[in-house]
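J.: Sequence:
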Amino acid sequence: QICGTEYAPIDRKTEATKIHSKTSLPANIEGVAAVTSDSCPERGPIFRSAVRRPYSIAERRGTPLTSQQEDNDENVINKELFLETVESFQPPAIAATSNWVVRNESLRCVPNYYPLEKSSRFVSDASATEIANRISESCRIMSVQAMFDGQLATASLRTAEHVDIHLSLWQGLAPRYPNCIIVEAQRRRGDAVVFHKYCRNLLDAAQGDFDTRTFDKKEQFDSKFTHVASELLEEKELTSSGCSERDNSLFALEIAAGLLKKDRMDARQLGMESLCLLTDPTRTGSETALLASRVVLMGSIHDENADDNDLLPEELGIREAILSLIQFRRLGEGGEFSSSYDSDDDDTNAHPEEEQHNCLLHNLALAVMSNALEVLKTYSTKMGSKKSVASLTNSFLDESNDMSNRDLLRTLLGGLEQAKDKPHDARLSAKCLKCLFQASQKARRKARNLNAKEIVATALDIGKRTHVKLETETEKLMTALQQPDSDEEED
Numbered sequence: 470q471i472c473g474t475e476y477a478p479i480d481r482k483t484e485a486t487k488i489h490s491k492t493s494l495p496a497n498i499e500g501v502a503a504v505t506s507d508s509c510p511e512r513g514p515i516f517r518s519a520v521r522r523p524y525s526i527a528e529r530r531g532t533p534l535t536s537q538q539e540d541n542d543e544n545v546i547n548k549e550l551f552l553e554t555v556e557s558f559q560p561p562a563i564a565a566t567s568n569w570v571v572r573n574e575s576l577r578c579v580p581n582y583y584p585l586e587k588s589s590r591f592v593s594d595a596s597a598t599e600i601a602n603r604i605s606e607s608c609r610i611m612s613v614q615a616m617f618d619g620q621l622a623t624a625s626l627r628t629a630e631h632v633d634i635h636l637s638l639w640q641g642l643a644p645r646y647p648n649c650i651i652v653e654a655q656r657r658r659g660d661a662v663v664f665h666k667y668c669r670n671l672l673d674a675a676q677g678d679f680d681t682r683t684f685d686k687k688e689q690f691d692s693k694f695t696h697v698a699s700e701l702l703e704e705k706e707l708t709s710s711g712c713s714e715r716d717n718s719l720f721a722l723e724i725a726a727g728l729l730k731k732d733r734m735d736a737r738q739l740g741m742e743s744l745c746l747l748t749d750p751t752r753t754g755s756e757t758a759l760l761a762s763r764v765v766l767m768g769s770i771h772d773e774n775a776d777d778n779d780l781l782p783e784e785l786g787i788r789e790a791i792l793s794l795i796q797f798r799r800l801g802e803g804g805e806f807s808s809s810y811d812s813d814d815d816d817t818n819a820h821p822e823e824e825q826h827n828c829l830l831h832n833l834a835l836a837v838m839s840n841a842l843e844v845l846k847t848y849s850t851k852m853g854s855k856k857s858v859a860s861l862t863n864s865f866l867d868e869s870n871d872m873s874n875r876d877l878l879r880t881l882l883g884g885l886e887q888a889k890d891k892p893h894d895a896r897l898s899a900k901c902l903k904c905l906f907q908a909s910q911k912a913r914r915k916a917r918n919l920n921a922k923e924i925v926a927t928a929l930d931i932g933k934r935t936h937v938k939l940e941t942e943t944e945k946l947m948t949a950l951q952q953p954d955s956d957e958e959e960d
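The sequence shown begins at 470 in this note's numbering and counts up by one.
There could be a bad hint or two in this list.
Said to hold, decoys possible - BS3-like cross-link-like pairs, simulated, lysine-lysine; straight-line CA separation at most 27 Å:
#	residue 1	residue 2
1	Lys945	Lys933
2	Lys587	Lys731
3	Lys945	Lys687
4	Lys846	Lys856
5	Lys856	Lys911
6	Lys889	Lys938
7	Lys933	Lys891
8	Lys687	Lys938
9	Lys846	Lys731
10	Lys915	Lys938
11	Lys922	Lys933
12	Lys945	Lys856
What the hints assert, rightly or not - Listed next, with one range per pair, are the computed distances between beta-carbon atoms:
#	residue 1	residue 2	range
13	Tyr583	Gly659	21 to 29 Å
14	Asn581	Asn874	54 to 62 Å
15	Gly659	Asp732	21 to 29 Å
16	Asp735	Gln952	17 to 25 Å
In case anyone wonders, no lab produced these hints; they're calculated from the structure. We put the CB at the ideal spot given by N, CA and C, even for glycine.
From just these sequences and the hints, can you work out the full model?
T.: Given below as structure tokens:
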């Protein structure tokens with residue numbers, strides 16, 4: 470009783486029930502999900518605690534829920550499962566067939582005040598992953614050595630013509646480059662004309678316009694054109710004076726030998742490039758290629774039909790220079806042969822420019838030897854020697870081993886083992902080995918003892934994934950290595 474007024478005692482449980490019934494949330498509003506208790510649920514999703522409660526409490530329309538029914542209920546939103554799904558979410562994996570894996574998130578924006586090269590392409594209809602896959606496949610088709618960086622979205626390329634190209638993928642943003650991916654190609658080293666030929670194909674591949682069949686047809690057309698040119702050169706040799714052509718070839722060989730003996734890098738490179746041309750019958754004709762190949766493989770042009778006035782001096786040193794570059798990856802101070810050189814120790818102390826120059830000369834020396842061995846196999850009847858091709862090949866291998874105290878077959882197989890890091894050198898090594906194996910069964914037997922079959926198989930697998938020309942040469946090499954031996958003894 471307060472101030473004369475009598476109040477009945479308050480039942481707190483009853484009042485709480487009335488308040489709850491009056492303030493219950495409506496469940497018939499469209500688009501609004503009712504939040505209810507498990508003991509008296511309504512239609513709609515139930516936001517359940519992550520802590521599981523006893524099954525006897527969690528009921529729906531008076532029927533207890535079993536564990537399996539509760540987990541499979543499509544109307545129940547499990548917050549714990551939702552959070553675990555968000556935290557454990559990973560982007561979809563990219564197919565492992567591509568050699569260059571780039572994601573859109575890893576692309577960098579073009580920096581301020583950064584002038585893009587004119588050799589750039591803007592691609593707006595493909596993702597970074599697809600663009601990288603296209604470029605990677607085009608590098609394989611064109612036989613371009615590539616070092617890909619997926620995090621920075623860059624690629625360092627090197628062609629067989631010693632042209633270095635740097636590729637970058639940029640994310641274009643408004644207002645300068647809206648809604649596109651920028652593919653930029655930069656020439657770092659090498660011939661500008663050769664660079665633009667490869668750059669055009671790379672940028673077309675980025676846009677999806679690179680046609681493999683068209684590229685193959687063009688390559689076949691170029692090879693057919695060189696074959697026709699070589700036939701025209703042979704006809705010219707037949708009609709022209711033999712003495713003048715021979716004198717010009719001898720004079721060119723003397724110039725190349727003189728360039729190799731100089732101490733300047735550019736002079737030595739010009740000398741090796743001259744020998745590459747002189748030993749290629751499609752560039753200079755068969756007569757000149759025969760003379761140059763004889764000098765490379767035998768040390769002189771002496772043969773049974775030659776006059777004494779035509780002999781080149783023995784101190785010309787072309788064969789010694791070629792073997793020194795192949796076996797030891799360098800030349801002596803005056804371009805002479807240096808058998809006391811240890812390439813492994815000196816490479817660590819060499820200047821980067823000198824090391825890169827020696828690698829270039831090593832590649833050119835492999836090209837010269839492969840050309841000379843190919844000429845020996847193709848034009849063996851015109852060599853002017855009474856010895857067979859097998860005998861000439863065995864003599865060349867024996868003399869090279871005596872001069873360098875190193876096995877030439879072992880050196881070439883070692884270059885083939887480095888197919889992953891130096892595919893261009895590996896392709897030329899495979900070409901040299903193919904010619905040696907086709908000419909000499911003694912070389913085949915020795916190579917089989919050096920585990921050549923496994924080395925060639927590994928290089929073939931690398932060529933299938935990254936380098937078409939390496940794949941082609943290693944397939945031919947495998948065929949030559951598996952060629953059955955005859956019962957006839959070689960001289």
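J.: For each hint, tell me whether it holds in the structure or not.
T.: The hints, checked one at a time:
no.	hint	verdict
1	Lys945 x Lys933	14 Å, holds
2	Lys587 x Lys731	39 Å, violated
3	Lys945 x Lys687	22 Å, holds
4	Lys846 x Lys856	13 Å, holds
5	Lys856 x Lys911	16 Å, holds
6	Lys889 x Lys938	13 Å, holds
7	Lys933 x Lys891	15 Å, holds
8	Lys687 x Lys938	15 Å, holds
9	Lys846 x Lys731	32 Å, violated
10	Lys915 x Lys938	26 Å, holds
11	Lys922 x Lys933	17 Å, holds
12	Lys945 x Lys856	26 Å, holds
13	Tyr583 x Gly659: 21 to 29 Å	23 Å, holds
14	Asn581 x Asn874: 54 to 62 Å	59 Å, holds
15	Gly659 x Asp732: 21 to 29 Å	24 Å, holds
16	Asp735 x Gln952: 17 to 25 Å	42 Å, violated
Figure legend: structure checked against the earlier numbered hints; hints not met, in rising order: 2, 9 and 16.
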